[in-house]
Amino acid sequence: MKKLTGDQRRRDLKTIAALSEDQIDTSDIPELTEELLRSGTRGQMYRPIKKPVTMRLDADVLEWLKRDGAGYQTRANALLRREMVRTTQEKKGPESADRMNGARNKTTMPKR
Numbered sequence: 004m005k006k007l008t009g010d011q012r013r014r015d016l017k018t019i020a021a022l023s024e025d026q027i028d029t030s031d032i033p034e035l036t037e038e039l040l041r042s043g044t045r046g047q048m049y050r051p052i053k054k055p056v057t058m059r060l061d062a063d064v065l066e067w068l069k070r071d072g073a074g075y076q077t078r079a080n081a082l083l084r085r086e087m088v089r090t091t092q093e094k095k096g097p098e099s100a101d102r103m104n105g106a107r108n109k110t111t112m113p114k115r
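Taking my numbering, the leading residue of the sequence shown gets 4, the next gets one more, and so forth.
Fair warning: there could be bad hints in the mix.
Stated by the list, open to error - SDA-like cross-link-like pairs, simulated, lysine to any residue; straight-line CA separation at most 20 angstroms:
(1) Lys69 to Ala81
(2) Lys53 to Gly74
(3) Lys69 to Ala79
(4) Lys69 to Gly46
(5) Lys95 to Leu83
(6) Lys6 to Glu24
(7) Lys54 to Gln76
(8) Lys17 to Pro33
(9) Lys17 to Ile27
(10) Lys53 to Arg78
(11) Lys6 to Leu16
(12) Lys5 to Ile27
(13) Lys69 to Thr57
(14) Lys69 to Val88
(15) Lys54 to Glu34
(16) Lys69 to Arg59
(17) Lys53 to Thr18
(18) Lys53 to Ile27
(19) Lys95 to Arg85
(20) Lys54 to Ala73
(21) Lys69 to Asn80
(22) Lys95 to Gly46
(23) Lys94 to Arg78
(24) Lys69 to Lys94
(25) Lys53 to Lys5
(26) Lys69 to Val56
Stated by the list, open to error - DEER-style ranges, computed between Cβ atoms:
(27) Leu60 to Ile32: 46 to 54 angstroms
(28) Thr29 to Glu66: 54 to 62 angstroms
(29) Glu86 to Arg14: 50 to 58 angstroms
(30) Leu83 to Arg12: 38 to 46 angstroms
Think of the hints as simulated: they come from the structure by calculation, not from any bench. Note that CB positions come from ideal geometry on N, CA and C, so glycine has one too.
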């Protein structure tokens with residue numbers, strides 16, 4: 004598909020906005036039922052903001068994180084997030100931890 008220019012995109016959006024509701028085909032969109040709403044996952048697409056930090060780590064801990072190559076900072080973040088979720092779950096119950104688990108998007112790492 005050819006990429007639209009800014010003017011083309013604005014023109015197309017203006018045309019769509021001018022359509023009345025009965026002119027819009029929604030047959031390919033499933034109806035949201037109570038069951039679907041209850042079974043939905045909240046925060047699945049949430050991606051936490053990353054902040055640069057300086058930390059002092061024990062040399063053996065840093066070596067252990069780096070032993071699998073690139074991505075050691077992501078692995079460290081995933082370990083910290085897992086511990087944060089675990090301790091939060093212990094303190095506040097599973098509902099709180101479920102919200103934080105939804106935020107794991109790119110920080111997940113395989114279990115060893």
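Each hint, compared with the structure:
1. A threshold of 20 angstroms between alpha carbons decides the hint, and for Lys69 with Ala81 the separation of about 14 angstroms falls inside it, so the pair holds.
2. A threshold of 20 angstroms between alpha carbons decides the hint, and for Lys53 with Gly74 the separation of about 14 angstroms falls inside it, so the pair holds.
3. Between Lys69 and Ala79 the CA atoms are separated by roughly 10 angstroms; this keeps the pair inside 20 angstroms, and the hint holds.
4. Taken as a hint, the Lys69 and Gly46 pair is broken in the structure, with Cα atoms around 30 angstroms apart against an allowance of 20 angstroms.
5. Annotation: proposed proximity of Lys95 to Leu83 holds, straight-line Cα distance about 18 angstroms (limit 20 angstroms).
6. Distance check on the hinted pair: Lys6 and Glu24 sit about 27 angstroms apart at the alpha-carbon level, beyond 20 angstroms; violated.
7. As the CA atoms of Lys54 and Gln76 are separated by approximately 12 angstroms, the hinted pair is consistent with the 20 angstroms bound.
8. Using a Cα cut-off of 20 angstroms, the hinted pair Lys17 and Pro33 is violated, with the two alpha carbons roughly 25 angstroms apart.
9. A C-alpha spacing of about 14 angstroms is found between Lys17 and Ile27, which places the hinted pair at or below 20 angstroms, so the restraint holds.
10. For a cut-off of 20 angstroms, the pair hint linking Lys53 to Arg78 stands: about 14 angstroms separates their Cα positions.
11. For the suggested pair Lys6 and Leu16, the alpha carbons sit about 15 angstroms apart, so the restraint of at most 20 angstroms is met.
12. Taken as a hint, the Lys5 and Ile27 pair is broken in the structure, with Cα atoms around 23 angstroms apart against an allowance of 20 angstroms.
13. For the hint linking Lys69 to Thr57, the alpha-carbon distance of about 16 angstroms falls within 20 angstroms, and the restraint holds.
14. Pair hint Lys69 plus Val88 does not hold up; C-alpha atoms about 23 angstroms apart against a cutoff of 20 angstroms.
15. Using a Cα cut-off of 20 angstroms, the hinted pair Lys54 and Glu34 is violated, with the two alpha carbons roughly 39 angstroms apart.
16. Between Lys69 and Arg59, the direct Cα distance comes to roughly 15 angstroms. Compliance with the 20 angstroms bound is thereby established for this hinted pair.
17. Taking the CA atoms of Lys53 and Thr18, the gap is about 39 angstroms. The hint is violated against a cut of 20 angstroms.
18. Annotation: proposed proximity of Lys53 to Ile27 is violated, straight-line Cα distance about 40 angstroms (limit 20 angstroms).
19. Of the supplied pair hints, the one linking Lys95 and Arg85 holds, its CA atoms being roughly 15 angstroms apart against a limit of 20 angstroms.
20. Between Lys54 and Ala73 the alpha-carbon distance is near 19 angstroms, which keeps this suggested pair within the 20 angstroms criterion.
21. Only pairs whose Cα atoms come within 20 angstroms are accepted, and Lys69 paired with Asn80 is accepted, the gap being roughly 13 angstroms.
22. Between Lys95 and Gly46 the CA atoms are separated by roughly 18 angstroms; this keeps the pair inside 20 angstroms, and the hint holds.
23. For the hint linking Lys94 to Arg78, the alpha-carbon distance of about 24 angstroms lies beyond 20 angstroms, and the restraint is violated.
24. A hinted pair counts as satisfied when its Cα atoms are at most 20 angstroms apart, and Lys69 with Lys94 does not qualify at roughly 32 angstroms.
25. A threshold of 20 angstroms between alpha carbons decides the hint, and for Lys53 with Lys5 the separation of about 33 angstroms lies outside it, so the pair is violated.
26. With a C-alpha separation of about 17 angstroms, the suggested pair Lys69 and Val56 falls inside the 20 angstroms cut-off, and the hint holds.
27. Range check, Leu60 to Ile32: about 49 angstroms between beta-carbon atoms, so the 46 to 54 angstroms window is met.
28. At roughly 56 angstroms, the beta carbons of Thr29 and Glu66 sit within the given window of 54 to 62 angstroms.
29. With their beta carbons about 51 angstroms apart, Glu86 and Arg14 fall inside the hinted range of 50 to 58 angstroms.
30. Between Leu83 and Arg12 the beta carbons are some 41 angstroms apart, a value that agrees with the proposed interval 38 to 46 angstroms.
Against the hints set out earlier in the document, violations occur for numbers 4, 6, 8, 12, 14, 15, 17, 18, 23, 24, 25.
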